[in-house]
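In order, the protein sequences belong to chains A and B. Following our numbering, the residues of the first sequence are numbered contiguously, the last one being 388. Following our numbering, the residues of the second sequence are numbered contiguously, the last one being 319.
Treat the hints loosely; a few may be bogus.
[To be verified] In silico SDA-like pairs for lysine to any residue, Cα to Cα no more than 25 Å straight-line:
id, chain 1, residue 1, chain 2, residue 2
1, A, Lys-139, B, Pro-131
2, B, Lys-211, A, Lys-139
3, A, Lys-139, B, Arg-227
4, B, Lys-240, A, Lys-285
5, A, Lys-285, A, Phe-271
6, A, Lys-137, A, Gly-168
[As the list claims (entries may be wrong)] Covered, in the sense of this in silico footprint (three residues per stretch, anywhere, with C-beta under 8 Å from a C-beta of chain B), are these stretches of chain A:
id, region
7, 43 to 50
8, 147 to 157
[Said to hold, decoys possible] Covered by chain A, according to a simulated footprint, are these stretches of chain B (three or more residues, beta-carbon under 8 Å):
id, region
9, 40 to 51
10, 296 to 302
Hints are computed from structural coordinates only; laboratory data are not their basis. Ideal Cβ placement from N, Cα and C applies to all residues, glycine included.
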Amino acid sequence: MRCSKCKVDAKVSEAPDGDGGMSTHKDSPAAVQANGVSKIFGDGSDKVVALDDVSVTIKQNEFFTLLGPSGCGKTTLLRLIAGFDHPNNGNILLEGDDISGLPPYQRQVNTVFQNYALFPHMTVAGNIAFGLEMLDKPKAEIDATVSNMLKLVRMEELRDRQTSQISGGQQQRVALARALAPHPKVLLLDEPLSALDLKLRKEMQIELKRLQNETGITFVFVTHDQEEALTMSDRIAVMSDGKILQIGSPREIYDHPAERFVANFIGETNFLAAELMSAKNKAGKIKLSSGKTIAATLPDDHAANGKVTAVVRPEHARIVKPGVSAALEGRLDNIVYFGTDTHYHVKLGAEDNFIVRMQNARDDAGKFSTGSKVGIAIDSNAAQVLRD
Amino acid sequence: MTVIAAQDSPQNIARPAAEIAAEAERRDIRNRWLLSLPAIIVITTCAAGPLLIVLVYSFLTPGDYGNVKWIFSLDAWVNVVLQRDIFDDTLQWADAHLSIFWRSFKLSSMTTILTMIFGIPTAYFIATRTPKRRDLWLFLITIPFWTNLLVRTIAVMEMIRNEGVINNLLMWTGIIDRPIQMMFTDFAIAFGMTYVYLPLMVLPVYASIEKLDFRLVEAGYDLYASRWRCLRRVILPLVKPGIIAGSILVFIPSLGAYVTPRVLGGGKNLMFGNLIELQFGQGRNWPLGSALSITLMIFVMIALIYYVRVSGGERKHHG
């Protein structure tokens, strides 16, 4: 069932530019490759550097997420790949071919827009058929693909509705079907879930993952929502101020943030001043303010021995009685109960705070009380040294 | 309202609520009529009244020195399209009238198409400027509106007459050695009307292009539509309401245009408006003039209904 659908779609994809289509499959180059791409908007005093010498390689069949706060350049990068804007420097390759100079309509890349941008003068089916019609596909093929797409996004009954007569979640599905129908090499998604309410958003996250699995198309997803990025992506690129700070799997990004911004932007974290004592490849030993030495993971190009900042996730530490097992000691300032877990706020020094998040067991109420002196044990290899 | 009614007379308190509500409603209706009275008076005396007079006159007999005799006659209506042979009294098609109808329709259509050709790109150009620039361009487009129609028409004449700007320029550059006869032709009328009515096309089209969500155009490009196909499949369908409004605003006054054909077309290229004017002037046939006026109105209504059909039925064609 799944495979036959893919085959139908695969046939659709071959036509737009026949040359080079075959050769790309043999050595299987990256789906998208950006080489030293810069984009500057305006000039003189209004100059805004949206992208600053960005290089990134997105693999075939990958769910790749560009994550960052608004204004970090993630949407600009997406628009450069789509062809709506052109880079001032650098080039962009699509499956090995330089597409920097091509207009959007000559790139085998489709976009799901933030506001969906469905054509209001066409029906649901008319919207989905549009891309195929523009590629001059035969009518029978268009009809078949539109039906397939409607089935894929589970919208068969709404085929002949006007796009203004369907709900936001349904519009989202139509936008997806419309962008997938011409079977692009890469699907770009520009914060497609931001307009949906929480419940629908969760549903669509699963839906998107399913669509990506079923179609085998490379997805490039833009979001500012770290949770969305962590749950859906194969790899994440964290962006800030027009630069990519770190690229890695969700687990790498979360457990081993390389920079302060990444550690701060994704999840809660504790920052610790420490001293790097010894380093061997990526494993090192750091001395904490308490005088204790613990093992830590180092970033790729870490600083030399000396003062460093280490981060420890709140759930990678435990509150213990002060003593040998405690890496740090402090005064328990506050206990916040969250149902499934409890957050312990520990005051280490005059200004330093440390938050520990522990899962609640059946009977541990009253084990520690605010104001008491406690120790913090850090899980082995939970400490990560930052690059700065 | 019920509160006010209750204050008027204390015994109201004893009355059933339904009665009070009914009185309040009567009062409401009376106030509504009173407030809309000025508008009703203006509409009846300035629009409906004269129209009724024209309708009645079209069924009367022409007076000897203009005006009408109060004798019922269908002659005026017969004469709109037919004429009685002066020798054998047989009825024939009034070729002169029919050719004037045809010319009016042809020239108005040409004017509408020409204003579209020049107006839509102009409107697109203005709508895609920065807001500050837009205001300047719109201002420039509306400047001719401040000038008297006759003066503008004479300005056009100055351009196209035999010793006018265009002919002088062409002769000076040596492209032609004799002036091209442009005055007193259908071309002159279409040219003049296009110039005069261009803003009526530009403004509504501009308004709808300005409202156009350009992300939809990007979506079109993204889905493999070239510039031309994006224009045809995305932009034009979305700005169509503006184009239809502009076409109505241009076509209808063109059909009844009077000054421009008179000045630029000379005596021999009459249009509908001139024919009507002739009946009330030299022709001294007020009933025929009235019947022609109403015929024109019917034509306009047919054109309007056609436009509404075209714009309303469009939705069903997609998908």
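Results for each hint:
1. Lys-139/A x Pro-131/B: violated (43 Å)
2. Lys-211/B x Lys-139/A: violated (33 Å)
3. Lys-139/A x Arg-227/B: holds (22 Å)
4. Lys-240/B x Lys-285/A: Distance of about 71 Å is beyond 25 Å: violated.
5. Lys-285/A x Phe-271/A: holds (16 Å)
6. Lys-137/A x Gly-168/A: Violated, at about 29 Å.
7. 43 to 50: Contact hint for the region 43 to 50 of chain A vs chain B: violated, 0 residues under 8 Å.
8. 147 to 157: violated (count 0)
9. 40 to 51: With 0 residues in contact (Cβ-Cβ under 8 Å with chain A), the coverage given for the region 40 to 51 of chain B is violated.
10. 296 to 302: violated (count 0)
When held up to the earlier numbered hints, the structure conflicts with 1, 2, 4, 6, 7, 8, 9 and 10 and fits the remainder.
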